[in-house]
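Quick mapping for you: the protein sequence lines, in order, are chains A and B. Each residue of the first sequence is one higher than the last, beginning at 1 in the numbering used here. Each residue of the second sequence is one higher than the last, beginning at 1 in the numbering used here.
Check before you lean on any hint, since a few could be wrong.
As the list claims (entries may be wrong) - As a list, the in silico DSSO-like pairs of lysine-lysine whose alpha-carbon atoms are at most 30 Å apart:
1. B:132 x B:233
2. B:263 x A:332
3. A:43 x A:407
4. A:220 x A:343
5. B:343 x A:343
6. A:220 x A:233
Note that these hints are calculated values from the structure, not bench results. Since this is a predicted model, take the numbers as computed values, not measurements.
2 protein chains.
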Amino acid sequence: MKNYVKKYYKFLIGLTPQRNLVYGFLLYNVIGALLLCLPFSRKGDISFIDTLFTSTSAISTTGLMTVGLTDQFTVFGQFVVMLLFQIGGIGYMTFTTYILLNTSHHTAKWRERILNAAFAIPETIQLRPFLKSVIIFTILFEIVGTILFYIGFADQEWGFWERLWNSIFHSVSAFCTAGFSLFNSGFVDFVDDGLINFTVSFLAIAGSLGFIIFSDFYLKFARKKHEVSYTSKLILSGFLILLSLGTVAIYFTEPSIMILEGKTRFYASFFQSMTAMTTVGFNTIDNGVMILPVTMITILLMYIGASPSGTSGGLKITTLVATVAYLRSKLKNCKDFLFFNTKIPDGRVDAAVSTFIFYLIVSFFGVLLLTFSEADTLDRIAFEVLSALGTVGLSMGITGGLTFFGKAVIICIMFIGRLGVLTFGLAISRAYVPDEQEAEDEEDIAV
Amino acid sequence: MKNYVKKYYKFLIGLTPQRNLVYGFLLYNVIGALLLCLPFSRKGDISFIDTLFTSTSAISTTGLMTVGLTDQFTVFGQFVVMLLFQIGGIGYMTFTTYILLNTSHHTAKWRERILNAAFAIPETIQLRPFLKSVIIFTILFEIVGTILFYIGFADQEWGFWERLWNSIFHSVSAFCTAGFSLFNSGFVDFVDDGLINFTVSFLAIAGSLGFIIFSDFYLKFARKKHEVSYTSKLILSGFLILLSLGTVAIYFTEPSIMILEGKTRFYASFFQSMTAMTTVGFNTIDNGVMILPVTMITILLMYIGASPSGTSGGLKITTLVATVAYLRSKLKNCKDFLFFNTKIPDGRVDAAVSTFIFYLIVSFFGVLLLTFSEADTLDRIAFEVLSALGTVGLSMGITGGLTFFGKAVIICIMFIGRLGVLTFGLAISRAYVPDEQEAEDEEDIAV
Ligand SMILES: [K+]
Ligand SMILES: [K+]
Chain A
1 MKNYVKKYYK FLIGLTPQRN LVYGFLLYNV IGALLLCLPF SRKGDISFID
51 TLFTSTSAIS TTGLMTVGLT DQFTVFGQFV VMLLFQIGGI GYMTFTTYIL
101 LNTSHHTAKW RERILNAAFA IPETIQLRPF LKSVIIFTIL FEIVGTILFY
151 IGFADQEWGF WERLWNSIFH SVSAFCTAGF SLFNSGFVDF VDDGLINFTV
201 SFLAIAGSLG FIIFSDFYLK FARKKHEVSY TSKLILSGFL ILLSLGTVAI
251 YFTEPSIMIL EGKTRFYASF FQSMTAMTTV GFNTIDNGVM ILPVTMITIL
301 LMYIGASPSG TSGGLKITTL VATVAYLRSK LKNCKDFLFF NTKIPDGRVD
351 AAVSTFIFYL IVSFFGVLLL TFSEADTLDR IAFEVLSALG TVGLSMGITG
401 GLTFFGKAVI ICIMFIGRLG VLTFGLAISR AYVPDEQEAE DEEDIAV
Chain B
1 MKNYVKKYYK FLIGLTPQRN LVYGFLLYNV IGALLLCLPF SRKGDISFID
51 TLFTSTSAIS TTGLMTVGLT DQFTVFGQFV VMLLFQIGGI GYMTFTTYIL
101 LNTSHHTAKW RERILNAAFA IPETIQLRPF LKSVIIFTIL FEIVGTILFY
151 IGFADQEWGF WERLWNSIFH SVSAFCTAGF SLFNSGFVDF VDDGLINFTV
201 SFLAIAGSLG FIIFSDFYLK FARKKHEVSY TSKLILSGFL ILLSLGTVAI
251 YFTEPSIMIL EGKTRFYASF FQSMTAMTTV GFNTIDNGVM ILPVTMITIL
301 LMYIGASPSG TSGGLKITTL VATVAYLRSK LKNCKDFLFF NTKIPDGRVD
351 AAVSTFIFYL IVSFFGVLLL TFSEADTLDR IAFEVLSALG TVGLSMGITG
401 GLTFFGKAVI ICIMFIGRLG VLTFGLAISR AYVPDEQEAE DEEDIAV
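Based on the sequences and whatever the hints tell you, model everything.
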């Protein structure tokens with residue numbers, strides 16, 4: 001056995017980073033699916049495609065489920081699922097931040113100011129000590145989240161252990177933007193609960209913005225002298241603008257939210273916009289009854305996603321910005337890619353544009369395949385596909401009824417949604433050699 | 001009056017080609033709408049938005065109608081509509097071919113071999129004599145089409161003039177890929193008529209491939225020595241491959257076609273694939289009852305369109321090829337844009353990629369706006385928007401029931417669908433200076 005493991009690791013070392021990632025993902029996925037097949041993981045019979053679906057959904061931090069997490073899995077099974085999305089979340093955040101740092105003009109600045117200052121990391125960025133920082137960051141947040149959830153769950157008729165387990169599970173699930181829930185109707189019962197709304201949002205936003213952005217802003221406020229990087233500012237302002245626009249649009253459009261009163265109406269609109277953008281995928285309203293325009297807005301927010309340094313899926317705000325800069329330069333017939341008078345390097349724009357198109361092609365063919373296998377409407381199918389591709393996990397209610405073929409397609413899309421961006425990122429990271437002679441006013445953003 | 005016209009032309013000359021195009025389009029559009037408002041153009045009251053819709057639909061050769069062409073307009077009104085799509089078709093084909101020739105590496109070759117040989121055009125390409133060749137090409141085809149339709153309409157209980165008028169109208173409509181029909185149910189009654197199927201397809205394919213491609217192949221067969229250009233080969237083979245794939249997919253999927261027998265089933269599948277790709281927009285089946293997968297396939301074909309040198313709308317095959325080459329180069333991490341071992345120039349790829357994204361953004365926001373104003377399903381709305389953007393004119397039956405806002409949105413989309421590509425084309429044409437030193441094996445394709 002040990003020999004096989006050694007052989008596997010030797011095999012991994014010989015691969016390109018992209019292939020390494022893919023095989024690593026597949027390995028965890030298969031181990032997860034096998035663990036979930038164990039008799040003490042599940043309460044009854046679950047077909048292999050459903051355990052594979054659950055495992056893929058967990059490791060990709062999507063949160064879509066074809067079977068009930070509490071109805072069909074034991075606490076051990078739930079623990080395996082949590083482990084998978086914890087590994088998926090940390091792994092993804094580490095990789096994205098690593099790529100970000102290694103392909104950024106800010107590397108030196110960031111390394112010096114953030115990493116060394118806050119976490120005492122050596123000069124050269126290496127994956128191992130860096131992974132340690134990310135894990136510390138993650139555990140800190142998840143402990144705070146667990147405490148907040150524990151307080152928030154005071155009204156539930158649970159014993160100590162059940163309340164603790166629910167708090168831990170949902171804290172990890174929210175921070176990793178996994179969106180798995182032990183409640184059958186998600187957070188619908190907590191739609192008017194301020195503390196729960198805050199806790200989920202706080203964790204999901206922290207996790208989706210990620211380690212780099214968070215430390216950048218943390219240092220600004222903790223040590224007044226620190227200057228926040230252009231990328232961090234861009235991501236945070238873009239995130240806040242889109243989050244606000246989404247909230248306002250949903251507040252004034254969705255009938256099932258407009259009937260809610262006072263604060264609850266605001267909570268529900270904010271939560272829907274937040275859940276789509278951070279791609280956490282928890283829900284406080286029934287997404288199956290949304291009107292078509294709100295479905296489309298949610299799809300758009302899921303497609304965009306949040307920050308390239310966190311656990312969120314989707315296209316990312318930086319990719320959107322670079323694509324806008326690209327189109328603008330073509331329409332204005334100028335060679336430089338400008339966004340609010342700041343030049344974006346060509347390599348970044350290239351990565352952004354190809355990711356943008358790649359996502360759209362996967363979306364279209366995903367939807368096309370499902371229209372063949374599923375007897376459902378286009379809006380519900382498109383919502384499911386975009387949710388899987390953005391690793392969001394929201395659904396209009398078709399996941400449980402998917403055909404075998406439909407499940408297989410969604411598994412592939414979750415896989416692509418999680419690894420697609422990384423693959424592009426790594427390809428560009430290899431190709432991209434920063435030009436030190438570039439103009440002073442050229443700012444680099446991560447894609 | 002004459003003074004104003006002079007002033008208008010002076011105004012036009014001072015503009016950039018893009019603005020010139022836009023203002024020209026608007027002028028014809030307003031003149032058309034005003035002519036259609038005249039009492040002897042219409043049989044009853046038609047609101048201004050409907051005449052504007054009809055006029056925009058005609059000048060952009062789309063063919064969508066909010067009111068019945070024979071029910072609501074007199075023969076004079078129908079004649080105005082025909083004049084508008086004739087002008088739109090010729091104007092568009094002239095402009096696209098002009099851009100193609102002026103931005104192509106093949107200019108010299110093409111000018112010499114095609115233009116001079118076939119139409120005795122002087123060395124320098126000028127718009128006026130070139131326009132003449134396109135008009136001759138158009139009239140020749142439309143006469144042949146009229147004769148074929150006249151024979152095909154033998155079974156109809158019409159007098160000579162009515163039969164002639166129907167033959168002329170449908171011949172011009174097919175060749176300009178306008179898709180306006182004097183029959184309320186389009187060509188549904190002719191679904192099993194071989195001659196009518198052939199005539200429509202022949203005219204639409206010739207019109208959508210356009211003057212350059214047609215002469216290129218004509219010369220190959222007429223004068224054996226002529227070598228067909230890479231672009232022409234690429235467009236024709238791409239067109240034939242997609243047309244065949246579409247036909248086969250529809251043949252084996254669409255229930256309303258699968259119930260047809262023998263040749264008719266083939267005719268109907270071929271016609272549906274052909275009408276979407278050439279963007280002519282005539283129909284022999286009821287598009288309102290198609291199953292979802294076939295709707296998606298039709299949307300895809302409408303989105304792609306055919307050749308950049310003809311009257312068809314959509315993205316064009318060349319743009320698709322260049323976008324595929326772009327993605328391939330990014331995934332493979334190589335600098336050159338290759339398609340089957342042929343290098344595509346950077347400028348072309350840039351134009352293609354920006355057009356591709358631009359089209360998608362317009363599609364999404366068009367659909368989003370209509371979900372607010374129309375109480376209809378996503379598939380029917382998406383079909384309508386893509387049909388308008390590709391200037392196709394197929395509909396699942398929602399055009400007549402559109403709200404005022406919905407009509408305004410579709411008018412804008414038809415406008416963008418017709419001028420969007422030209423605007424990009426001209427922008428690139430200004431920016432693009434062919435590099436004579438480029439490698440021998442680098443082939444240029446038109447976008
Ligand atoms: K998720
Ligand atoms: K048309």
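Open item on the list: Tell me if the straight-line CA distance from residue 220 of chain A to residue 343 of chain A falls inside 30 Å.
Closed with: Satisfied, since the Cα-Cα distance of roughly 24 Å is no more than 30 Å.
Open item on the list: Against the 30 Å threshold, does the CA-CA distance of residue 343 of chain B and residue 343 of chain A hold or violate the hint?
Closed with: holds, 29 Å
Task: Pair hint outcome, residue 220 of chain A versus residue 233 of chain A [Cα-Cα no greater than 30 Å] - done: Between residue 220 of chain A and residue 233 of chain A the Cα gap is close to 12 Å, so the pair holds against 30 Å.
- [ ] Quickly compare the C-alpha distance for residue 263 of chain B and residue 332 of chain A to 30 Å and report which way the hint goes.
- [x] With a Cα-Cα distance of about 51 Å, the restraint between residue 263 of chain B and residue 332 of chain A is violated, given a limit of 30 Å.
Open item on the list: Need the status of pair residue 132 of chain B, residue 233 of chain B: alpha-carbon distance at most 30 Å?
Closed with: Judged against 30 Å, a Cα distance of about 25 Å means the pair holds.
- [ ] Mind checking the alpha carbons of residue 43 of chain A and residue 407 of chain A for me, to see if they're no more than 30 Å apart?
- [x] holds, 21 Å
Checked against the numbered hints above, the structure violates only hint 2.
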